[in-house]
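Enquirer: Sequence:
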Amino acid sequence: MADTIAAVATAMSASGIGIVRISGEDCMDVIHRIYRSKGGKFDIRTADSHTIHYGYIYDGGEIVDEVLVMIMKAPRTFTGENTVEIDCHGGVYAMRRVLETVVKNGARIAQPGEFTKRAFLNGRLDLSQAEAVIDVIQSQNSYALKSSISQLKGSVKTTIEELRSRILYHIAYIESALDDPEHISLDGYSSELRADVEEELAKVERLLSTASDGKMIKEGIKTVILGKPNAGKSSLLNLLVGENKAIVTDIAGTTRDILEEYINLGGISLRIVDTAGIRATDDVVEKIGVGRAKDSAKDADLILYVVDASTSLDENDVEIMKLLKDKKAIILLNKADLPSVVSVDNFVNDVDNSGIGEMTYPIVAISAKEETGMEELEEQIKQMFFHGELTFNNEVYITNARHKAALEETKKSLNQVLDSIEMDMPEDFFSIDLMNAYKELGSIIGEEVGEDLVNEIFSKFCTGK
1 MADTIAAVAT
11 AMSASGIGIV
21 RISGEDCMDV
31 IHRIYRSKGG
41 KFDIRTADSH
51 TIHYGYIYDG
61 GEIVDEVLVM
71 IMKAPRTFTG
81 ENTVEIDCHG
91 GVYAMRRVLE
101 TVVKNGARIA
111 QPGEFTKRAF
121 LNGRLDLSQA
131 EAVIDVIQSQ
141 NSYALKSSIS
151 QLKGSVKTTI
161 EELRSRILYH
171 IAYIESALDD
181 PEHISLDGYS
191 SELRADVEEE
201 LAKVERLLST
211 ASDGKMIKEG
221 IKTVILGKPN
231 AGKSSLLNLL
241 VGENKAIVTD
251 IAGTTRDILE
261 EYINLGGISL
271 RIVDTAGIRA
281 TDDVVEKIGV
291 GRAKDSAKDA
301 DLILYVVDAS
311 TSLDENDVEI
321 MKLLKDKKAI
331 ILLNKADLPS
341 VVSVDNFVND
351 VDNSGIGEMT
361 YPIVAISAKE
371 ETGMEELEEQ
381 IKQMFFHGEL
391 TFNNEVYITN
401 ARHKAALEET
411 KKSLNQVLDS
421 IEMDMPEDFF
431 SIDLMNAYKE
441 LGSIIGEEVG
451 EDLVNEIFSK
461 FCTGK
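Numbering (the working numbering), first residue to last: 1 to 465.
Read the hints as simulated data drawn from the structure, not as lab findings.
Computed from a predicted model, the values in this text were never measured in an experiment.
Each residue gets a CB set at the ideal place from its N, CA and C atoms; glycine is no exception.
Among these hints, one or two may not hold up.
Stated by the list, open to error - As a list, the in silico SDA-like pairs of lysine to any residue whose alpha-carbon atoms are at most 25 Å apart:
id	residue 1	residue 2
1	K298	D314
2	K222	L208
3	K328	K382
4	K146	D213
5	K439	E161
6	K411	R194
7	K104	H32
8	K73	R108
9	K104	C462
10	K41	E25
11	K412	E162
12	K41	Y54
13	K382	I137
14	K439	T158
15	K404	K439
16	K153	S209
17	K322	S340
18	K404	S139
19	K382	S343
20	K104	G91
21	K460	G442
22	K104	R33
As the list claims (entries may be wrong) - Per label pair, the in silico range of CB-to-CB distance:
id	residue 1	residue 2	range
23	I432	D180	16 to 22 Å
24	D3	I432	38 to 44 Å
25	P75	D299	44 to 50 Å
26	P112	K38	31 to 37 Å
27	D452	Y93	34 to 40 Å
28	E161	L186	25 to 31 Å
29	K203	S176	21 to 27 Å
30	S185	D299	51 to 57 Å
31	R206	E25	40 to 46 Å
Please model the entire structure based on the sequences and the hints provided.
Expert: And the structure:
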């Protein structure tokens with residue numbers, strides 16, 4: 001923390017602008033050694049905070065680049081330390097030369113995530129907000145970005161602090177009563193504690209209930225395309241991806257292996273998997289592909305069952321429909337551009353007569369060739385997973401696996417408090433489990449974590465952040 005650190009804060013690729021960030025106690029002296037104003041007489045150390053200055057970076061007597069230098073003085077900075085950002089030209093060599101000059105004059109290269117780590121250690125961010133920084137950077141859809149921004153603004157922090165404050169009240173009350181029983185009575189206290197713990201437990205369970213949505217918001221919905229050979233699965237994948245990723249021919253069984261792509265559909269991320277057509281076959285390689293398709297369906301969040309609406313259903317369709325049981329699925333009647341043999345009504349009737357049971361899945365008519373039906377598919381996915389539009393004004397979504405694990409441990413501890421009350425255990429038993437819950441919640445915002453965990457979290461960041 002005593003070192004002055006520096007790194008390139010933008011991508012190391014050719015661009016219009018590159019940013020070299022410096023943070024630490026000596027950063028004003030570092031920039032003074034290498035910066036020259038246009039007139040050559042201005043001492044940048046005297047500059048007001050949050051001002052921008054035009055000039056040049058010098059390495060000894062050599063001009064390195066023409067730059068803008070932003071001065072930000074502690075504590076009103078991201079890291080809480082004196083910070084300088086040099087806006088130079090965005091060539092890879094230019095950025096590298098500016099950084100080398102900064103390091104030569106008193107800074108060291110920052111470790112991955114060290115700027116954000118300093119923001120956390122200096123109290124500018126709690127740990128959940130720090131983790132949201134990397135989530136913002138890695139967001140691949142509008143929902144993930146909104147969720148990450150909400151957490152960066154402190155939505156998780158505020159919720160966790162509210163939970164902890166009530167738990168801390170009860171810990172303090174029990175400890176005070178045990179230390180001074182003559183003045184603080186615990187008579188009838190169990191009923192009050194039970195009511196509060198049940199309320200806190202309900203809040204924790206509500207947070208945990210968002211974790212599935214949160215995981216899909218962050219990582220994408222694992223979507224498996226199933227169907228018979230030549231139903232148009234690969235054509236659908238190519239349409240969704242926007243390029244020819246899968247080989248499309250009139251020959252049934254072209255797709256033999258799993259093909260996975262990450263796509264954005266109207267702000268929703270889908271980890272979409274194209275699979276081999278499912279049918280009875282003696283071909284050894286195709287049989288392996290069919291087996292893998294069935295395995296993929298078991299782990300899917302969503303199955304898109306592609307039906308060739310220009311041909312009749314058969315026993316292979318019955319086999320596929322069995323894979324949909326207890327799954328979220330959308331049935332796509334493809335090839336709507338051709339004369340239709342399968343309609344919505346007769347598809348439902350055929351299914352009813354197959355012995356599968358009632359099919360309640362949404363059915364959408366599409367044409368992968370004519371690129372129709374995609375808007376309705378998008379809307380069905382939104383309704384199925386997110387009940388329409390997601391908002392992040394009041395609702396907190398748990399998108400971090402570490403947070404989910406801590407909440408599950410909190411839930412376990414609160415349930416143990418209720419069990420202790422039920423069994424009429426001594427009050428110090430309540431205090432032990434309440435303290436465990438308090439610590440687990442604290443680990444989410446960084447108040448109950450060890451150095452190793454902090455280092456592990458920030459090691460996943462890019463160097464310039």
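Enquirer: Confirm or reject each hint.
Expert: Now for the hints, and whether the structure bears them out:
1. K298 to D314: This hinted pair holds, its Cα atoms lying about 22 Å apart.
2. K222 to L208: The hint holds at about 20 Å.
3. K328 to K382: At roughly 12 Å apart (the allowed maximum being 25 Å), K382 and K328 satisfy the hint.
4. K146 to D213: holds, 13 Å
5. K439 to E161: Distance ~12 Å between K439 and E161 Cα, so the pair holds.
6. K411 to R194: With Cα atoms ~14 Å apart, K411 and R194 stay inside 25 Å; holds.
7. K104 to H32: Between K104 and H32 the Cα gap is close to 13 Å, so the pair holds against 25 Å.
8. K73 to R108: Holds, because 19 Å separates the two Cα atoms, which is no more than 25 Å.
9. K104 to C462: holds, 22 Å
10. K41 to E25: Holds: K41 and E25 sit about 24 Å apart, inside 25 Å.
11. K412 to E162: With a Cα-Cα distance of about 19 Å, the restraint between K412 and E162 holds, given a limit of 25 Å.
12. K41 to Y54: Given that 25 Å is the threshold and the Cα spacing comes to 13 Å, the pair holds.
13. K382 to I137: Holds, at about 24 Å.
14. K439 to T158: This hinted pair holds, its Cα atoms lying about 16 Å apart.
15. K404 to K439: OK: K404 and K439 at ~14 Å, within 25 Å.
16. K153 to S209: holds, 22 Å
17. K322 to S340: Roughly 24 Å separates the two Cα atoms, so the pair holds.
18. K404 to S139: Distance ~19 Å between K404 and S139 Cα, so the pair holds.
19. K382 to S343: Status holds; Cα separation ~24 Å.
20. K104 to G91: The hint holds at about 20 Å.
21. K460 to G442: holds, 21 Å
22. K104 to R33: Given pair K104, R33 holds - Cα atoms ~10 Å apart, limit 25 Å.
23. I432 to D180: 16 to 22 Å: Once the Cβ atoms are compared, 19 Å apart, the range 16 to 22 Å for D180 and I432 holds.
24. D3 to I432: 38 to 44 Å: Holds, at about 41 Å.
25. P75 to D299: 44 to 50 Å: Holds, since P75 and D299 (Cβ atoms, about 48 Å apart) stay within the stated range.
26. P112 to K38: 31 to 37 Å: holds, 36 Å
27. D452 to Y93: 34 to 40 Å: The hint (34 to 40 Å, Cβ to Cβ) holds, given that D452 and Y93 are roughly 38 Å apart.
28. E161 to L186: 25 to 31 Å: holds, 27 Å
29. K203 to S176: 21 to 27 Å: holds, 25 Å
30. S185 to D299: 51 to 57 Å: The hinted range 51 to 57 Å holds for S185 and D299, with Cβ atoms some 55 Å apart.
31. R206 to E25: 40 to 46 Å: holds, 44 Å
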